[in-house]
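Chemist: Spelled out from the first residue to the last, the chains are:
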Amino acid sequence: MVGIKTADELNKKFLREGMWPTIFCNGCGHGVVLEYTFWALEELGLDMDKVIFSSGIGCSSRLPGYINADGLHTTHGRAIAFATGIKAADPDFHVIVFTGDGDCAGIGGNHFIHAARRNIDMTVIMINNFIYGMTGGQLAPTAPLGSIATTAPYGNIEHPFDICNLACALGANYVARWGVSHPYQPIKSIKEGIQKKGFSLLEFLAPCPTAYGRRNKLGDIKKHWAWYDNNTILKEDLEKIMKYGTEQEKEQVKEKIPLGVFQDIQKPGFFEAYEKLVDRLKEKESKPKGAKK
Amino acid sequence: MKYKRDPKRIREVLGKKVQFILGDIACVYGGLLAGVSFFGGYPITPASEVAEGMARRLPRVGGVYIQMEDEIGSIAAVIGAAWGGSKSMTATSGPGFSLMMENYGFAVMTETPCVIVNVQRTGPSTGQPTLGAQGDMMQVRWGTHGDLEALAFAPSTVQECMDFTIEAFNLSEKYRNPACVMTDGEVGHLRERIVIPDEKDLKLIDRTPATIDKKDFIPFTNSQTIKNCKVPDFPTFGTGYRTYVTGLTHNEKGFPATDKQPDHERLVKRITEKIMDDADKLVMVEEMNLDDADIAFVTYGATARPAESAMEMARKNGMKVGLLRLKLVWPFPDKLITKLAKDVDKIIVPEMNLGQIVHPVNEYACKHCEVVSAPKIGGEMHLPMELYKYLEGK
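From first to last, the protein sequence lines stand for chains A and B.
Numbered by the working numbering, the letters in the first sequence go through residues 1 to 293 in order.
Numbered by the working numbering, the letters in the second sequence go through residues 1 to 394 in order.
Since the hints were derived computationally from the structure, they do not count as laboratory data.
All values reported here derive from a predicted model rather than from experimental measurement.
Even glycine gets a Cβ: it sits at the ideal position worked out from N, Cα and C.
Just so you know, nobody snuck in bad clues.
One side only, chain A facing chain B, incomplete, derived with CB under 10 Å: (1) Gly71; (2) Ile86; (3) Pro91; (4) Ala115; (5) Arg118; (6) Ile120; (7) Val278; (8) Lys282.
Straight line, CA to CA, 27 Å or less: simulated DSSO-like cross-link-like pairs of lysine-lysine: (9) A/Lys284 - B/Lys16; (10) B/Lys214 - B/Lys230; (11) B/Lys367 - B/Lys335; (12) B/Lys215 - A/Lys12; (13) A/Lys50 - B/Lys215; (14) B/Lys269 - B/Lys214; (15) B/Lys346 - B/Lys335; (16) A/Lys287 - B/Lys16; (17) B/Lys214 - A/Lys12; (18) A/Lys289 - B/Lys8; (19) B/Lys8 - A/Lys282; (20) B/Lys8 - A/Lys284; (21) A/Lys287 - B/Lys2; (22) A/Lys284 - B/Lys4; (23) A/Lys197 - A/Lys50; (24) A/Lys50 - A/Lys13; (25) A/Lys287 - B/Lys17; (26) B/Lys17 - B/Lys203; (27) B/Lys342 - B/Lys389.
Residues of chain A clear of chain B, computed beta-carbon distances all greater than 12 Å: (28) Val32; (29) Gly136; (30) Cys168; (31) Tyr184; (32) Gln195; (33) Asn230; (34) Ile233; (35) Leu234; (36) Glu239; (37) Tyr244; (38) Val253; (39) Val261; (40) Ile265.
Bound-form chain B, shown alone:
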């Protein structure tokens, strides 16, 4: 039977409104609340609990869980299910995310809504499987070949693992682009209190279905039902639109147009502009103590937690320190960073890698203030004291 989201049943399966759970399980809750009906997964530390949580709950709400043969198959099945009309997701970590890169690009090119949870660890290669890191912040943006825009969230708390998974579905459905929840081994394996939102407080967005007459329908062009919207209406398989969907460069009808420069330019510009036209509206950050700050941390995910502690220590000692936490890292909040750079003397970017998001920060801040990378690798989080030393300039 084709899946139909049943809010009452989902809440029965999720249980109490307030719970103390793992970050990975919070991603499961977010997916179920958003109406996920297909999950294709493959075991990988530290993301396996997402697949386990789905395997336990998805059949109980009437959705389909399949453990695929590898991560390539997982993302492929997820994209296939999306075309069949499902909200679909997968979860993985660094090596699996690397394997998904080709089909991630396929989802971008074919404008397929789907969600990937990446519980990040470090590399290169197998690296430290059981420990957290922020190894894929650039891979999600640049890891697949060609031109694209990424939608990437970075939760700092277990609550945000749930909330951002719901939001990832919303952006993914709205823009018909894959969206990623770039959590990490620290937040993914953290247990915290979460509050499950009531049904009336949930804001869910669904893709705009194709509704116009079949003979007038054009599958890969601006919406034919919403004015000035570059996101095409979605012709769910089985609804009679008989759409040809290809990863090849295609014209507006969806037919291969591999040797035609204008077709490629029109297509790829539209699939990037549909997101970038809204980039300013999409900014999602948390600002702390920035009004009078001389020094600002710009950070995201787990790393924001020790940075916040370091900021509080500094404030107690009379230093004017603030913090800008990126909740949605991609699209990158470029204008906000430039504005911040004009207001402060120094930006410090702590990350659990040797410096990834420090690069776009530097790109938009370097004309106005000093930008310092505060990297830490090896599977341990920054200690607040270590970051405090950066504030002292040591």
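Chain A with its partners taken away, still in its complex shape:
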């Protein structure tokens, strides 16, 4: 760590004055992701005047309000499209999007798909709590099969959306998923995501005791947080077991959610490619007309 040693010092530096307390419930994971983001930013030592946040609608999308930085709190599902314009305006910006499972994988899916495909230079932090928390617990596209929600009172029969799989298929430069109960990997991944040119996706599995845990009988906050440790598995471990494990071992892990870095590549980002295009046109036009190649 650089100059800052404690969470108090960190908060003093990064939190926006006058916005405390947050809207988050007890046991919510959003504040933890915010804290991890602060640590990552602190370690990167970026000029916070040039780090711009964009978000949509939902609990996760309230995060930019708490950060002492420029932030655009936009409409439901559209944060990534807004962020595309922000980045286009100034290549010096580091654009970070906070979004949720409903905002990103639900209503905003199309913007997500195309920003990832274009490899737009931004870091998308999708906080997945399996539920529409702010509106009171409606079914989310990432909810595991059988989940209870106010709009799935008899259990979810839809297959959950694996947003990391989608991002990998689209060729995003950096794709990772982590839980929130261990800080080391998330902070490292946020740092790598922000440093990466092109599109990076960080998915965080975060508990929502109020709207999801309570309805799905996951127990008190402590038990609910433990659910994530019991129901996730490191991607490398999963691969090993699926390759070399016994049938019984395979059976035990097949429903678990894999964690890890799923993609880490170096395709040129959109704006890098765009600048090359502009340079190419400039060069072409600076040649006298009729001159041979």
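We have chain A already, so just place chain B on it with the hints.
Modeler: Then chain B, alone, in the frame of chain A:
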């Protein structure tokens, strides 16, 4: 590299001073002259030529063109770019404009300058994609939820497509509100002669940047640098003001204040009054033969062209007919309409819809004269003879 408007380069890219071009391309020229540096678009007839024209020219002046995934994304990116310091625009037609409505309201609520060109067609729904109409004259005013004021131009010629796009940027920058160029498929796909204004004749307005000390800056209140101005100074992202911009009802600091009645009233009144306080100054019309007129056409956009022909036919036959052409339809020139209604016996409102702008005309004229709607739908313009018949009372 961050965009910087280069007048010489823009003129190299635009080419000759006098040209014969499409209305849609004239909107591209207007945008480039105004200093647009971001265009987010999505293909739609009859507006696609605007995106195509931008895709060809914007990279050559150093601006960014992106074909977004849909019209919702287009307007979103345009608003994002505006906060990053760009002059930004998009272009669409009826269905795309419908999709933009939510973020159009977001631009109003967050006081974001940006320009939307709407090459109108008809509906409901997909309607007649390749044909012109004036289907969105009310949508631009009332299409998004909540209270707002619209800034909407209606060009009648290709020259005006260019001129009004520049003017739309000026009003949008001045009032920090989205401004719309409500052209239509007829004017958008018309080819006419245009004259590109010289640099010295261009009057460009830029948003007032926030300049005061950061600790004293209040982002959503009257200007802190211009006296008696309800338009706040603009804290461009990246300049250190660290502004929180939200579509939620916010207080003057920009913080959410969703359950506080006075905050909402103060905010929404200011963002409507900043335009309506200047409404009388904003009136942009063309008056023809109104001095002695008994009957007046009140019209706008493509429809003004056959109305003018009908007026000329009537004048030849000794009828006292005039024409009031609205160049800026919203804010609506209410006082001017009332004054006109007192001077004439009848107002006829030709439109390529079943009657939209006839309603505000009627609202401000009905106490003083008869108001007649002259609608035509189906993708064909009025024939002068058809409008002449309205003058004869048939």
